[in-house]
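Novice: Okay, here's what each chain looks like letter by letter:
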Amino acid sequence: MGYKTDWFKGIFPALVTPFTPDDDVDEKAFRRLLQFVLPHVDGVVPCGTTGEFSYMGLEERKKVIAICLDEVKDEVPVLAGTGCTTTRDTVALTAWAKEAGVSGALVVAPYFLKPSFNEVYDHFGALDQIGLPIVMYNIPQCAGTHFKWWTAEGGLLDFENTIGIKDSSGDLPFMGALFEKVKGKVSIFVGHDEVVQAALGAGADGAILASANLIPDIWQRVYRATQEGDLATAQEWQQRVQRLVRIVVRCGANQACKEGLRMMGVDVGDSRHPIVPGGAFRREDREELRLQLESLGKIDRAPVTYDLGTKQVLTDVFATPHTPRTIDGWTMKVGEGFAGPPFQELAHVDLLIGLKEGPVGRAIDRSLAGWGEERNLRVIKEQPRTLLVPTVTIRTAMQRRLMEEAAAGVGLAIDLSIEDGFLPEAILDDIALIVNAFVHPAASIARRVAFNNYKATRHAIRKALEGRPRVEELIAEKASARHPFRYAP
Amino acid sequence: MSTKVSWLKGVFPALVTPFRGGTEDPASLIDEKAYRRLIRHALPNVDGIVTSGTTGEFPYLTREEQRRLVEIGIEEAGGKPVVAGCGASSTKEALALARDAQDSGASAALIVTPYFLHPSDKGVYQHFYDIATAVDLPIILYNIPQVMDRYLPRTVVEDLADVPNVVGLKDSSGNLTYTMELLEYVGDRIDLMVGHDEVVLPALAGGVSGMILASAQVYPEVWQTIIRLVEAGKVEEARATQRRVQKLSRIFCRHGGGVAVKAALKMMDLDMGPPRKPLKNVGGALLHETRAEIRLELEKLGKAPITATAFEYPVGPLSERFGDLEITPELIEEHRLSVGSGEAGESLNKVGVDLIAGGKETPLGDAYALQMTYPLHRREALTTILEPALTVRPATLLLPTLPQKNLRQANMVYGPAQSGLARAIVDAVEAERIPAETINDSVMVALVTIHPSALDRNKIAKSVQAAAAKAIEQAFC
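Taken in sequence, the protein lines are chains A and B. Numbers 1 to 489, taken from my numbering, label the letters of the first sequence in order. Numbers 1 to 477, taken from my numbering, label the letters of the second sequence in order.
If you are wondering where the hints come from, they were derived from the structure by calculation, not from laboratory data.
With beta-carbon atoms standing in for the labels, derived distance ranges: (1) R395(A) to T155(B): 52 to 58 Å; (2) D328(A) to H335(B): 17 to 23 Å; (3) A436(B) to H40(A): 41 to 47 Å; (4) T155(B) to A479(A): 45 to 51 Å.
For each residue, glycine too, the CB sits at the ideal point set by N, CA and C.
With the rest of the complex left out, here is chain A (with noise of 0.2 Å):
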């Protein structure tokens, strides 16, 4: 019969593994990281789905899992993956673990070839005999089994040293099956950030999250509450934070992780291949990711200097490595943003920012002089002053009214645009804008419409403004990059 320990509960975090830029694990980065989470977390986890687990050699597993060890320095208890495809090398490194160390040790149900239920449930029984403390660990997104209550039940209460179950289908019916059956005999953790508060709410004992990499604090707030029978605070912080964590959660969480962590300026490198950057962590995620991180104030404020040539004007914006100190080249600056879903609702925005005096104003005042009103240009705003152009000839009503959609999204990425300090208000009246929004003409919810075209725009001024993608980005993206109207239907 397994047992529940007193340590296994609390906010765990998935720990990202940093490497470096030649592929090799950074023990730097990685110390770095832990410095950073220890004082919010109950226990750590390396060689976790979000740590690439499935990426390293068993060497560089153990290397990783050692130098956890050796930060920690018992503080809090280390977890660490061993789960591997074969029970051979499951064993092998669970065995290793116990030695050097951990707490214990969390096993992936064995994945790609996909074993039965008695299978994993003999996987487990071999496990038993190290006399370590396992965690099973349910993760069907991934290891392409969901394992049955049953399996669960049995693995959790028959073997000794079974200590808990980490769920991150975020199968809250499963997880309401593993209450039934085993609440209390064993610890239950959920693994699946979206869904946390409820978890913990309906009794689970504790959260290991890819999320808990950048807000340990705000995980933490969220178990004390929930602990305290707080369910309001708890439930304010899971919505506060929704959809920071559904973007971490629906791209792989590694990438997301990375990038969310160098943005706040703990440098983790980038995931292995083939995860690669603008990949299932979508170029418009990132700059929702920033926009989130910031609205939780995780990102911090930097001067800037924007040398317009006849001024200079000094703001401070949410400044990422990536952040030009001084921004200049006023002449015109080109930016571009997409944002979907859905397909028939999706936003791209093309768009230029430039001086008044420049092209761009001059290109402003010839138009609308010229053919504004046959095309439907329209200034929407003189403060900056803003064209939005529809790309797509307005024929119908209804495009008609979805452009004035796209145009409320235009407007407000740029009031909020003008509050973060990206536009400071000491520019507005140098500088002009060309906004050309691209509306399908089957599109029909007009909020998405809305909300995507502000998502695009706000992207767009930023990336303007820092001058993205920078040319490294487009010389490694070359090969890979997909155009999804390249190809035939």
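Since the structure of chain A is provided, determine the placement of chain B on it from the hints.
Specialist: Structure of chain B alone, referenced to chain A:
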């Protein structure tokens, strides 16, 4: 033991249901006249017809309407078999439809796996058994997991094949492992009809008796040819024939279903009206872009008239080709703008790229900004991107030299030309052919000429990349 019927083989179109407007709803009534026209159009090249199938929007039809479709079918079919679609979620309703079909004189009832609620295998068996034993009409089972969310289990089919009047099964899954399993277990007892247009040839080669297809009202003669070729053992020719209609078949199966078939028929001068709501004519399951693709494929098959376009690639001195940008040879000289030109590709895939580059402070900067306000109708400029949110640098506009008359032509520019141009630019930046110090301060405009009848996206992308590379080389070296 069931017996096969002799007629269940060959080509059967799953007919669309034409609608016309009543008081307010444009699809409130069945357009009987259009239905007759459709049947007459298809009849010479088919072995029978199927009314109110999935393509015929059966879940949106009333019992009376379905009965009427069968009656018209029999009147028009000239003695060829008429299979009545009798699909319903409940056994009671499906049975009522089958009784109607029998009364009207249909040749068989096509009955789909019960859907929405998920009955057990026992319930599914009982559904078909109850209907088959209550009517005196051949029954064709119908597997279409794409819309029903479940397969008709092989073991259930095995048992149903023993019911005397179960004579066939239509398999629209396109899953050949399923088809082969059925042929193995019930092929001797009932006839299998393939219902997935993309796998007709492999299914015929595997041993099915014929086909019930959406596309068999658009190009039935192609399917008849394939049957003849397979029977004659001419595999290579059969493959080539299937390949000719592969893309259009894929569109019908996966990118719009009956709505796409109606769009195709309309282009062939057979207006079947709109679909019933919530389906949309276009802009829902059938995208505008896909509709443009349908026309192109019909043109290739000779089913829709080709609109020939007279055009020529730009000629004359390169420095005089940027008039649309109000850039004259004198301005090029005065502001030291760089120009270059390149061509690549053969026949329809031949493209031309004329490129101009210069500082943002020059008249080219003004031209760039002005183009973003769309002065050239149907020749709207696009920011060059590798993919959405990956804008190339130096910032470059792609300006088509020919008007985009339809979405398909526009599509050749948006995707293929845009990504080909983007790759050539990033290549040049990486190789430092475009000087690094100019990247922030300059802009480029590429005038791109693509044949209005171009149709191969892959070749166009490669041609544009090659032509742009030449143009950049000339402009910067």
